[in-house]
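> The residues making up each chain are set out below.
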Amino acid sequence: MFHINTDSDALFSPYSVTMFSAFLLGIGLLCLLNRRDGILKNIAGLLALLSPVMILTCAAGMGYLMSHGQTVGLASMGALFGMYLSVITMSLIYGNREAARNMLQNCTLVLPLMYAVSKFGCFLAGCCRGMDYDGVFCVRYTGAETGELSAFPVQLAESLAFLVIFSIGMLLRRRHRSGSIRLVFLLSALTKGLLDFLRAEHQGRIVTVNQVLCMVLTGICLAWMLYSRQRKGAQA
Amino acid sequence: MIIYNEVQNCTYENYQNNQPVLIAPQGYAPLFLTQNGFVALPDGRWAHFLSEQEYQYMCSVPQGQEIRFNTGVSGSAAPNGQGAPVPDMRTPEQQQKDRKNANLLAGISAVCLALSLLLGGVDGKELSGLIAILFQAGLVLMIICRVKYKDSVFGKVMMWIYIILFALAIIGVLLFIAACGAILKDCNID
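Going down the list, the protein sequences come from chains A and B.
Just so we're aligned, residue 1 is where the first sequence starts under my numbering, counting upward by one.
Just so we're aligned, residue 1 is where the second sequence starts under my numbering, counting upward by one.
For the record, the hints were derived by calculation from the structure and aren't laboratory data.
One or more hints might be untrue.
To be verified - Partial list, derived from the structure: chain B residues whose beta carbon lies under 8 Å from chain A:
1. Gln35
2. Trp160
3. Tyr162
None of the values given here were measured: they were computed from a predicted structure.
Cβ atoms here follow ideal geometry from the backbone N, Cα and C, with glycine treated the same way.
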């Protein structure tokens, strides 16, 4: 069993530290991968400037919408949308197709890492918590933030799962395997959708908004895989 | 040594019908080379076909000296003042038009940034969305200016303003979090 007291005595709250780290790691790695692929220094640098702004805006905006205007929080789907929006914007400005493809691929590889780190922050803060559970590996939260409760450590499960997905993506990239990006995208959408069943906010619902979005993303990915396969077959 | 944009150690060659080309050394990513004006040859090497002006410039550089090309919209003198300045290949009318466009983009970016900062000081949750849109619009316009008109001074200044704002925002957020933490610590002790 894990025990987490959400009344933190630390100077910097664990949530803010992990969020900041997620940004730093993610944007830093994206910059590095873009430079390795031959993208010009100024383009990679300007993308590093644009992406945090769009990620934060979209994450906060989606969090606000999903809470029906009640609270301002960061929604992971909004962050995903923001990241892709920043890369697409940069690609449209730059106008180089190959660079656009590389930037999109690299951001798909980097997103699981950012999500994994940020979910660890959620685990420490007690937000996005799992369903009520007091069995093996449960997490007991105390403190004014959450009150006293036992929950399934779904944030930790997501963090570990997405670290594995990130590792798979980087390994496949290193081996220049085709289809690695589609695989990472599909695994991420499926994992998030499935783990959502173990979340507290899923209780009493058939599907959540997050799961609907994950299903849409999975559908898009499968259609993309099918289209690529058909195009390869036609070319052969 | 011949440097073409960011590609170092190029070699000069007369390719096929005596076309003057610069051959890129091995080890550069293909995307990097295409972005720097090189094309793939049938034999697998990457080459830049020199224009008349580029060839004339190369011939004018004394033997033994470094030849540095810095093309693109800038056409400004080589970095660190090394080598002879590369002539700007745009006509004066084109240069004036580019300067005007760059100033317009950077100017609108500055206005958007100023408005977003001013509105940031006004009370009201309803304005948050507008502030975010204005800030991002300003940022995107600055990026367009920097990508399309690299030599625009106004664009460069706007870029540094945004970078400094980012740095200040990060420091500000960290200080705010630290201050909140310190205050809460004091409350707990009492």
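> Evaluate each hint against the coordinates.
Structure-based check of all given hints:
1. The closest approach between the C-beta of Gln35(B) and any C-beta of chain A is roughly 5 Å, which is under the 8 Å cut-off, so the hint is satisfied.
2. Hint status for Trp160(B) relative to chain A: violated, with the closest Cβ pair at about 11 Å, above 8 Å.
3. Because the smallest distance between the Cβ of Tyr162(B) and any Cβ of chain A comes to about 6 Å, under 8 Å, the interface hint for this residue holds.
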